[in-house]
Amino acid sequence: MRDYKDILSPKIQALKPSGIRRFFDIANEMEGVISLGVGEPDFKTPWAIREAGIRSLEQSKTWYTANAGLQELKSEICRYLERRFHLSYDDRREIMITVGGSEAIDACIRAFVEEGDEVLIPEPSFVAYHPITVLAGGVPVAIPTKQEDHFRLTPEDLKAHITEKTKLLVLPYPNNPTGGVMRREHLEAIAEVLRDTDIMVLSDEIYAELTYGSRHVSIANIEGMKERTVVVNGFSKTYAMTGWRLGYAVGPAPVMEQMLKIHQYAIMCAPTTSQYAAVEAARNCDDAIASMADEYDMRRRLIVDGFNRIGLPCFEPEGAFYVFPSIQSTGMTSEEFCESLLYHEKVAVVPGTAFGESGEGFFRASYCYSVNHIVEALRRIEHFLQGLQK
Amino acid sequence: MDKLLKILNENARLSNAQIAAMLGRTESDVAAAIDRYEKEGIIRGYRAVVDWDKTDRQFVTARIEIKVTPKKGQGFEEIAEAITQFDEVETVYLMSGGYDIAATVTGKTFQEVAMFVAHRLAPLDSVQSTATHFVLRRYKERGIMIKDEPVDERGMGSL
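Quick note, the sequences are listed as chains A and B, same order. Per this note's numbering: the first sequence ends with 551, consecutive numbering throughout. Per this note's numbering: the second sequence ends with 178, consecutive numbering throughout.
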């Protein structure tokens, strides 16, 4: 048997698998586990969207599309962005369709980052920015965010982490896992810091449609920021289309041109069936977004209230579909808490540390679950906490 | 529509505190609203959706299509009212189309339901004819699936 360790890239071997996956793999082996773990909608993709996909198959639309995506879809997304977020992009030169938001993140980071470039990543946040930066030869620089700041990136913290090597700032809001959002005034303050620099922004707005109380504002909407921002978005969370694998990036044409080459060689084009389905989504499904967001909002209130009631103080999330309760009162680490909860009460949640070191003392619970499911999970967690006090 | 009604229509067993949290209202607010809905007859009752096939209760349901001759000045009201009076009758609807009244009748056995239709329903004044359709299997009842929860297939790949 060959020793593959000597052959495989040391850089790849040094990458850690996602902490979320590790936890799920344990939970999946156990009987009777109820989970608040998954980060994907429990809703079905609205029927009209599925039907559009089926129709495209019936009509044998099964070839590659143009590398950057179907023109019809690109135009429809640009109209959608204008209508929903007042973002104007050229539907030919400033947009590309990708395999989920994930691929857009990957292409964007690779398009900018050279060996030794620093990428600023506010944490806790989505687990992919860090490894993708490493793969591109860059240096991920975490900027811890704090609960007392509602997990927002503050201009002071941003400033403190900028060096001559800083190339890119990832702006992951509405935030997974904290549910934090950046309102216009917070973005203005960030823009103020960036204006005197050459730092580009990768704004991951995959949860843009899931905000509660106020509409999402994109940093590309802030004076002078559009020219230095790539906005990543997609269909997974907004339309409950995770398995369709469809996302997109919009940004300055010269940037898109370079990102498109990466996409062209690595992927060719996003899945054709998904693209036809997505035309229907972007064109006709604003109502479906509203009714799903409404349902999430009710669950959000229920679960926040529930955690606060049972003694796990929980910052009120304003976006995405996660809550991030503090477990500091238990004296346990996030890993210990989650593991013990899983073994004692068979409830699976994700330790905050899966999203960066600053997630220590928290766990992530998703509310992509029915009200009954959430109520049962809360009951078990309360029982678990009572056991700890004895 | 009031979201409170939507929530109760989906799950009437949530506590007022839970509903209050979901709606961002106070508990006493919710209690008062439910009270008002009950008094005004907007909420008519709360019942469990039971899968009797999983119990030892003998239980048969039939859908009866009834054609009637409406009475002068009364229309269908009198006969519909009369049909609702039977304990065996679960639902009574006035219908458009090929027949006039649809009733759901339950009993222990097919025989029992058939006898009920023959001896109690059919002889009613103004009933012209009845057609009895037995329910063989229930798949969904009041929006609730009558089968075991499908396995949650999510979370296999999400990061």
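No lab work stands behind these hints, which were simulated from the structure alone. Mixed in with the good hints there might be a few duds.
Pairs of lysine to any residue residues, derived as SDA-like cross-links and limited to a Cα-Cα distance of at most 25 Å, are as follows [claimed, not checked]:
id : chain 1 : residue 1 : chain 2 : residue 2
1  : B       : Lys22     : A       : Lys177
2  : B       : Lys159    : A       : Val440
3  : A       : Lys205    : B       : Glu29
4  : B       : Lys166    : A       : Ile195
5  : A       : Lys205    : B       : Arg82
6  : B       : Lys25     : A       : Val532
7  : B       : Lys22     : A       : Ser531
8  : A       : Lys177    : B       : Gly176
9  : A       : Lys205    : B       : Asp167
10 : B       : Lys159    : A       : Glu537
11 : B       : Lys73     : A       : Glu192
12 : A       : Lys205    : B       : Leu24
13 : B       : Lys159    : A       : Lys177
14 : B       : Lys25     : A       : Ser375
15 : B       : Lys25     : A       : Lys177
16 : B       : Lys73     : A       : Gly374
17 : B       : Lys166    : A       : Glu537
18 : A       : Lys205    : B       : Lys73
19 : B       : Lys159    : A       : His534
20 : A       : Lys205    : A       : Arg376
21 : B       : Lys159    : B       : Arg82
Taking beta-carbon pairs under 7 Å as the criterion, some of the chain B residues facing chain A (in silico) [unchecked claim]:
id : residue
22 : Ala40
23 : Met41
24 : Val170
25 : Arg173
Quick reminder that beta carbons are idealized off the backbone N, C-alpha and C, glycines included.
Comparing the hints with the structure gives:
The suggested pairing of B/Lys22 with A/Lys177 is violated, with an alpha-carbon distance near 45 Å, which exceeds 25 Å. Distance check on the hinted pair: B/Lys159 and A/Val440 sit about 32 Å apart at the alpha-carbon level, beyond 25 Å; violated. For a cut-off of 25 Å, the pair hint linking A/Lys205 to B/Glu29 stands: about 18 Å separates their Cα positions. Annotation: proposed proximity of B/Lys166 to A/Ile195 holds, straight-line Cα distance about 19 Å (limit 25 Å).
Distance restraint check for A/Lys205 and B/Arg82: the Cα-Cα separation of roughly 32 Å exceeds the 25 Å cut-off, and the hinted pair is therefore not satisfied. Proximity of B/Lys25 to A/Val532 is assessed by CA-CA distance (about 13 Å); at most 25 Å being required, the pair is judged to hold. For the given pair, B/Lys22 sits about 16 Å from A/Ser531 by alpha-carbon distance, which is consistent with the 25 Å threshold. Distance hint between A/Lys177 and B/Gly176 is fulfilled; the C-alpha atoms sit about 16 Å from each other, no more than 25 Å.
Under the criterion of a C-alpha separation no larger than 25 Å, the hint pairing A/Lys205 with B/Asp167 is consistent with the structure, at around 18 Å. Restraint check for B/Lys159 and A/Glu537: satisfied, since their Cα atoms lie roughly 23 Å apart, inside the 25 Å limit. Of the pairs offered as hints, the one joining B/Lys73 and A/Glu192 holds, with about 23 Å between alpha carbons and a cut-off of 25 Å not exceeded. At roughly 23 Å between alpha-carbon atoms, A/Lys205 and B/Leu24 fall within 25 Å of each other, so this suggested pair holds.
Distance hint between B/Lys159 and A/Lys177 is unfulfilled; the C-alpha atoms sit about 45 Å from each other, more than 25 Å. Restraint check for B/Lys25 and A/Ser375: satisfied, since their Cα atoms lie roughly 24 Å apart, inside the 25 Å limit. A hinted pair counts as satisfied when its Cα atoms are at most 25 Å apart, and B/Lys25 with A/Lys177 does not qualify at roughly 45 Å. A hinted pair counts as satisfied when its Cα atoms are at most 25 Å apart, and B/Lys73 with A/Gly374 does not qualify at roughly 44 Å.
A distance of roughly 20 Å separates the Cα atoms of B/Lys166 and A/Glu537; the hinted pair therefore holds under the 25 Å criterion. Simply put, A/Lys205 and B/Lys73 have alpha-carbon atoms about 28 Å apart, too far for the 25 Å limit, and the pair is violated. Simply put, B/Lys159 and A/His534 have alpha-carbon atoms about 20 Å apart, close enough for the 25 Å limit, and the pair holds. Between A/Lys205 and A/Arg376 the alpha-carbon distance is near 24 Å, which keeps this suggested pair within the 25 Å criterion.
Distance hint between B/Lys159 and B/Arg82 is fulfilled; the C-alpha atoms sit about 15 Å from each other, no more than 25 Å. The interface hint given for B/Ala40 holds, since its Cβ lies 3 Å from the closest Cβ of chain A, which is under the 7 Å cut-off. For B/Met41, the suggested interface contact is upheld, since its CB lies about 4 Å from the closest CB of chain A, less than 7 Å. Given the 7 Å rule on beta carbons, the hint for B/Val170 is violated: about 11 Å separates it from the nearest Cβ of chain A.
Residue-level restraint check for B/Arg173 holds (minimum Cβ-Cβ distance to chain A is 5 Å; threshold 7 Å).
Hints 1, 2, 5, 13, 15, 16, 18, 24 from the list above are not met by this structure, while the remaining hints are.
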